[in-house]
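Q: Given next are the chains, with one letter for each unit.
There are 2 protein chains.
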Amino acid sequence: MVKGSRATIELIEIPGQPVFISLATAITRDIERGRLKPGDPLPGTRALAKILKIHRNTVDAAYHELTMQGWLVAEASRGTFVARDLPVLATTAASLPPAMRPAAARTGTPPPPLLRFSDGVPDPRLLPHAELARAFRRSLSTPAFLASDGSDDPLGSTALRAALAGYLSQERGLALSEDDIIVTRGSQMALFLAASAILAPGQAIAVEEPGYPLAWRAFRAAGARVIGVPVGAHGLDVERLAAVLAREPALRAVYVTPHHHYPTTVTLGAGHRLKLIELARRHGLAIIEDDYDHEYRFEGRPVLPLAARAASGTSVVFVGSLSKLLAPGIRLGYAVAEAGVLRRMAAQREAIDRQGDLPLEQAVAALLRDGELGRHARKARRIYHGRRDHLAAELRRHLAAELAFDVPAGGLAIWARARGGIDTIAWSAAARRAGLEVRPGAAFCLDESAAPQAFRLGFANLNEPEISRAVKMLKRTRPATAR
Amino acid sequence: MVKGSRATIELIEIPGQPVFISLATAITRDIERGRLKPGDPLPGTRALAKILKIHRNTVDAAYHELTMQGWLVAEASRGTFVARDLPVLATTAASLPPAMRPAAARTGTPPPPLLRFSDGVPDPRLLPHAELARAFRRSLSTPAFLASDGSDDPLGSTALRAALAGYLSQERGLALSEDDIIVTRGSQMALFLAASAILAPGQAIAVEEPGYPLAWRAFRAAGARVIGVPVGAHGLDVERLAAVLAREPALRAVYVTPHHHYPTTVTLGAGHRLKLIELARRHGLAIIEDDYDHEYRFEGRPVLPLAARAASGTSVVFVGSLSKLLAPGIRLGYAVAEAGVLRRMAAQREAIDRQGDLPLEQAVAALLRDGELGRHARKARRIYHGRRDHLAAELRRHLAAELAFDVPAGGLAIWARARGGIDTIAWSAAARRAGLEVRPGAAFCLDESAAPQAFRLGFANLNEPEISRAVKMLKRTRPATAR
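Line by line, the protein sequences are chains A and B.
Per the working numbering, the first sequence starts with residue 1, numbered consecutively.
Per the working numbering, the second sequence starts with residue 1, numbered consecutively.
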């Protein structure tokens, strides 16, 4: 116990790490565990050094590190305090690709970034925390939860499916009932289950390139081959898809993000939509439509999904995410599919995961039903609209010579193309060393050698001061050739 | 609106069902939706009959049915009320196997059972609801949650892995750190990931027969072949496993439930354990050890897992379940494995599911860390001990002529063998028609024709009056040949 503050800090040295890092880690753990609360004073550096029998400079270094990361705030002549407004920070080590992260996290290198342009996630700080927690508490005493013996419907809670059916009918022009929907662990599981249900091992699925690498991983985990099709100014190049079809008899499905193409954010044009549906119908190609951030449309009206337009002869699996509406740490997605596909998806889901978390599904169903989630979406859309415009303004102000972009009509990221052949891989590596994580075009390509020189800059989970800082870090770390 | 009570009951006739069932269904729906709350008075039978224009006997029959099921309570001269203490009841249609359930649930047949001998799940009514809800609420404002961008560690939250490492080191004799653990969606996902990491498609895994069919589904979903090995009085027959090994070069793994064999509850004997480990070492066979209800040991001390004994040359993936400690509707499991296997499991997990639900994982970590879960386990063990003894007494009293069993030293089910060749499939079908769900031996076998005539009778999620009612229903429905 350190005198002069309420804090008790126990230093456990992490092998192979400098002592100040071990101390910083101990302090962040105490904050995460709630032992140190926002606004709490930290012990003076001299007092803590004495008690822990370490050099005062070491305590200083730990406090400095955490102040830089935003965990602590130093106030002149008053001392050091736990920040009241804890920042968007990686608390686990992060690097690309994510699958490689555990080992890296274990060895403690690279250090976590100070700021991160996400791939386009919402801001968990905006979540209606109290309402969600209350709904969760209530659902722990519903008869459905109390009667659950772990063999509930692998399609997910009836309450959530019914609420989703209502929501999607109203918002996406899909005429649905709860029997047409499977609730999944984020859209990731929906993609895996859809591919497992549609494709036999060795069959192929066409994907947009650049595109969404985690979808490719889901499809490969389901035993499918993944074939890239180029993306133009209006989304997937349907002519090129037709050419691939002509030479690939094993091609049985196509994966598209027509509303806001991932990563470039363009919307698939109306003519392309019709051509794609017609091509799919003619060749018996299943369409997996990933409508991952439909809610976030800032200009004009959202475009109706392919699933709402496709003729009855076309098999569309429509995939969506509630994580984009709530927070990325809450893993809820869903898929809408025809009965046979849905049944196969449910059987596979049961084999790998049995069923979802009933209390969470029921809680989110309640928020959807009583309009809380709709109110939240409207508020979030307003805020993200402001953040989008702020990022666009900052990029124009600081990086107009290096980056070109169109302000996207929707979605939670700006696709910024590097001018004059700037190497965005080198740039992102330099940014990473300075503490800014940013994804270059190569992160979204099957064939990195043909990757566009660009960045996907997710803006929604950063507030305006954070966006300004991130743009400045990006500017500071641009390659010398570009200066 | 029915006068004299706050209840509004709308009767929607279910085609093909007697009117009293439609009415009973409407009332349970109103209770589930919260329109009728625990303790609320129901309308008088005469008044309700008049308003709904049905016969008073029909209302009587519906009330009677729901009183038998425990939804309603009749109080002499005061009337009928919604029960204050709602029972363990299936609120969704249920039948075996679960994968077939959605369609059945949709058509509304068969009607939900009134009571169910589960396969051995805990009682969600005992869960420390308030503590879990509070911990969940807190974890929605931790920096880890607020900073999550959906690309956290696929191994699971550091907080939960650290808490589990401490718990398993103390309770299971496993010397672990958080880096040796992956947190999964229930043990089901752990089994799927383990098989995916260990086996190449077409390779085989030996399983106990009778055994755990959902594990077989997980292994098959991972592309593996499943080969049954008989189980004797001391668990898996290791000699028979050796014989299978001799003729099956593709056999690369074995799945065992050594602590309480599923479904028969026997503990794998010490000699068999040593032989199994030695056989695995000699043939380079990986062991998947499913220690699904370790905590529930009523007599003697829990036996240490194989994973705590295996020499360093043997690859053991140790799988456990937090759902057995919490509630089956909360899907948290984990696996402990060597670094290479763990890395492959994490990569596959990321492909199919990305990561777990951070708020839930952090909440459970807090309960584990502050001892709440340990206290809950001790309390639950005491209660389940009583329920086990009560079921044993009731079986002896009512079904001694039909069923033989050993009182299990641990686990949440009694394995009751039918005497004199009674057909347990026919018996369970008759029980099902009367509203009791019970699983016959054939439900646990690859080869149903060789299935033991037995029942697995899970007792933990039924209280003592419910156990008594279930045993009476089982007695009432025994085949005529057995009377």
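A hint or two may mislead.
Pair ranges (Cβ atoms, derived) [what the hints assert, rightly or not]:
id: 1; chain 1: A; residue 1: Ser-177; chain 2: B; residue 2: Pro-479; range: 36 to 44 Å
id: 2; chain 1: B; residue 1: Gly-173; chain 2: A; residue 2: Ser-177; range: 26 to 34 Å
id: 3; chain 1: B; residue 1: Gly-173; chain 2: A; residue 2: Gly-202; range: 17 to 25 Å
id: 4; chain 1: B; residue 1: Arg-281; chain 2: A; residue 2: Arg-281; range: 28 to 36 Å
id: 5; chain 1: A; residue 1: Leu-274; chain 2: B; residue 2: Gly-39; range: 56 to 64 Å
id: 6; chain 1: B; residue 1: Arg-29; chain 2: A; residue 2: Glu-372; range: 19 to 27 Å
id: 7; chain 1: B; residue 1: Pro-249; chain 2: A; residue 2: Asp-447; range: 50 to 58 Å
id: 8; chain 1: A; residue 1: Ala-200; chain 2: B; residue 2: Arg-281; range: 50 to 58 Å
Hints listed in this document are in silico derivations from the structure and should not be mistaken for laboratory results.
Since the structure is predicted, the reported quantities are computational estimates derived from the model, not experimental observations.
Every residue, glycine too, gets a C-beta built ideally from N, C-alpha and C.
Q: Can the suggested window of 26 to 34 Å be confirmed for the beta-carbon pair Gly-173/B and Ser-177/A?
A: violated, 51 Å
Q: Could one say that the CB atoms of Arg-29/B and Glu-372/A fall in the range 19 to 27 Å?
A: Since Arg-29/B and Glu-372/A have Cβ atoms about 23 Å apart, the given range 19 to 27 Å holds.
Q: Does the Cβ pair Arg-281/B, Arg-281/A satisfy 28 to 36 Å?
A: violated, 57 Å
Q: Kindly confirm whether 17 to 25 Å is satisfied by the beta carbon distance between Gly-173/B and Gly-202/A.
A: The hint (17 to 25 Å, Cβ to Cβ) is violated, given that Gly-173/B and Gly-202/A are roughly 45 Å apart.
Q: Does 36 to 44 Å hold as the CB distance between Ser-177/A and Pro-479/B, or does it fail?
A: holds, 41 Å
Q: Kindly confirm whether 56 to 64 Å is satisfied by the beta carbon distance between Leu-274/A and Gly-39/B.
A: Given a distance of about 59 Å, which is inside 56 to 64 Å, the answer is holds.
Q: Cβ-Cβ distance between Ala-200/A and Arg-281/B: within 50 to 58 Å?
A: Violated, at about 38 Å.
Q: Do Pro-249/B and Asp-447/A keep their Cβ atoms within the hinted range of 50 to 58 Å?
A: violated, 39 Å
Going through the hint list in order, the structure does not satisfy hints 2, 3, 4, 7 and 8.
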